[in-house]
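What follows is each chain in one-letter form.
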Amino acid sequence: MKSEYRATALDPALLVVQLLNGVQLGLLLFLVASGLTLVFGILDVINLAHGVVFMVGAYVAASTFLHSGSLLLAAAAAPIAAALLGLVLDRLVLRFLYERSHLDQVLATFGVVLFVDEAVRTLFGPAALPFPLPASLEWSLPLPGGTSYPAWRLVIIAGGLVLAAGLFGILHRTRAGMLVRAAANDARMLEMLGVDVRRLFLLVLGAGSALAGFAGALAGPIMAVQPGMGDNVLILAFVVIVTGGMGSVQGALLGALLVGLVDTLGRAFLTDLVRTLLPPAAANEVGPALASMAIYLLMAIVLLIRPQGLLSVRRAAR
Amino acid sequence: MSAVRTRGGHGLAPLLFVLIALAILSAELWAGPYYLKLLSRAMILALAALALDLVVGVAGLVSLGHAAFLGVGAYTVGILAEHGITSGWIQWPIALFASAAFALVIGALSLRTRGVHFIMITLAFAQMLYYAANSLSRYGGDDGLTIWNRSEFATFFSLADRSTFAWTCFVILLLSYLLLARVVASRFGRVLRGAKDNERRMEALGYPVARFRLVAFTLSGTLAGLAGVLLANLTEFVAPAYMSWHRSGELLAMVVLGGLGSLYGAIIGAFFFVLVEEALARITTHWALVFGPFLILLVLLGRGGLVGLLENLGRR
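Just so you know, the protein sequences line up as chains U and W, in that order.
Using the working numbering, you'd call the opening residue of the first sequence number 1 and step up by one each time.
Using the working numbering, you'd call the opening residue of the second sequence number 1 and step up by one each time.
Warning: the hint list may mix true and false statements.
Under 7 angstroms between C-beta atoms, here's a sample of chain W residues computed to sit facing chain U [unchecked claim]:
{"id": "1", "residue": "MET120"}
{"id": "2", "residue": "SER135"}
{"id": "3", "residue": "ILE283"}
{"id": "4", "residue": "HIS286"}
Think of the hints as simulated: they come from the structure by calculation, not from any bench.
Backbone N, C-alpha and C fix where the C-beta goes; we use that ideal spot for every residue, glycine too.
In isolation and in its complexed conformation, chain W is listed as follows:
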């Protein structure tokens, strides 16, 4: 979608985080564990979509393989847990390091291409990891791997408690948003946006565009890996399906749904996606029959995504 507003300011973000916090509170008080789990899932996918928005919305690089990093984070937790290493103090840094390393290598290779080729090569790398996970017969192969214990943080807090888990997701999402908002507003972010509009001009101005993009891609992959760590802990299960190209497409849909390049739009998009999926799945198992055409209409008609829509309403 062409409408991209990446100017400074947080826009609707403070309101959004207050609403999410209220939703968690009310789920704790009235709605019960099922809704806490649903909200946690929405926050985790929001984190992944937020990470993707840095690459797609801000830097203008369409990655169709971001589910791979989600999978790397999730599999790191699963594999370490399988070997009896359940401490989060060990699991999480290793998972972040692994997803950063994968993002660095995949980014360095993919960023040598442009446009359609970038889309295809990121898809290809994600497929590679998908099939690699499928053939990890020691860790469940295509059946996936059950995680018997969530990451343990000794005496500090326990992720086994649903409320603690939801608030952990909330804090991580908030901190990640603040970090990325800083990044986007900085000179680094301005160079990324400038290179999106005109790569050659930014290079002529003396900025090492390729290196900046690689840093952005790696940061994005690392945050997506963190989302994978949380997802593995939420579902207590990892499977190759976490890395399927459908998941990568869904993440892209969330980013565009919310509004490209605004960061908090990605969060709105992810929440909208998860809640609509949930609502439709209650009515019919064939929810894709509704969601598919919805996605098409959104692309054809809804320039600027939900954020654009909300801001237009606000202006009236």
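One chain only, chain U, in its complex shape:
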């Protein structure tokens, strides 16, 4: 998800655009990461297949939109299909992995990634699926300072904010949400208190998959809808939840915004920053390299200082 704008100097108007881009990427990542972190928090399952759920969401949205012309229908179809896929994957693969080692979980869900990526490539071809926006959304909001911001990215920010607020509302204001938080904190204790943690897990997996699928639909018009598009998002989402603290939704939000901003601002401004220290030719080499490594450096630094992540719900990593 590269930003569309490249700054040549630290101009406040461009800084605003880049900040918005960072928040937009962060909110997209949050929609993917929130499900991932709860799935891990409740049953200790590493689910690499969460990225293909995002991809399938984007594909379902793109093809629904191409065939029906209705963006609303596309926005509704993507999360439903994604939730179904998540639950089917649980039936077929995940439920056998709850008690297994992390290595087994990584390998089996890696197999799912290989299969679904290839299935999509077989069905839709290796090229990117077109996902044009309707004319009603093809405009930009003018910003002070002579720049402007595309409407669709504002839609992503708004959608992300609404869903994040809704998610926190459910988690903190409802009984089901309370149980989910309790399960992420200590699933075994909750089970002893008589709660069916399996069912709770399925609920979280379905909802988390729906969020990831919806994120895919939102990202479709600004990302290339192609096989393997979920892989990078998956790795970014892992960086987010490890940075934020695995099992914590607040941590996922904090981590997502940090990762989104560091990545976007790094790509936009780091080369110029390096240029003040190094000759231009060297800076043009080092800058982009550093920018693409920045979020991994962030994660490594956080892990070294706070191995459990910034806002962990549990004690340090076992």
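Please arrange chain W on chain U, whose structure you already have, making use of the hints.
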């Protein structure tokens, strides 16, 4: 997979190396250069999987970033060759030193974490190197870098000859296996295995577990770098894709496929992987459609991997 048998003895290893040698011989005599290349590729990936087994199978540390060291070895050869340094006597030691240095630093940082976090931080470091390679525009960026000359060993032997190349891979794989088998059987290896079962107990016994693990990680990264050196020479090309997380996942799959912790299992796993990939790729370009579910079934049903299967058959 839980079935881990890291007791002494070489098990099926002697038979395995005889079979590989026979395969090389018959490829030289009848099958032709294509098969020699395929066998070389299998041996190179077997070396990388063998190295990974020391960390994952023996020490119990799941690294999802081992392709990075393969990439460091390969890129060192590629970059030196680009600057006209084609002598293997210079290239190879520098490549080994570079991959050891990267493994030492990445290991020292990653080993401060445990479990899932270790998986994720090794993945993160591999991604870092992947993107760093992508932005090396001087050395091809994401297009990769063609190597015009294989490493030269003056008058001794020439890697340009396919047979010599295959036998070089064979000897390196054999020596690496013997080295690691020694390491695993030694007190050092026993401490690693002990710490896998119960870290606190080994520490209470007075062993510096963290330092032992770091040594194992560095040794493993260095051998994976050596595999990268060979891979760059085989394909005469390096690209960031060598370090992609898919490659790291495939290496893990090979280790588990063969049977964790037995060392030669990793070699069997790598050969099985390369040959099945080759066979499926002939039938369909969509070989992952078959391989993905196969991997899932292997994890769900095949405890102990191929080695476990073979040994069970032998016992019957």
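Structure versus earlier hints - violations, ascending order: Violated: hint 3 alone.
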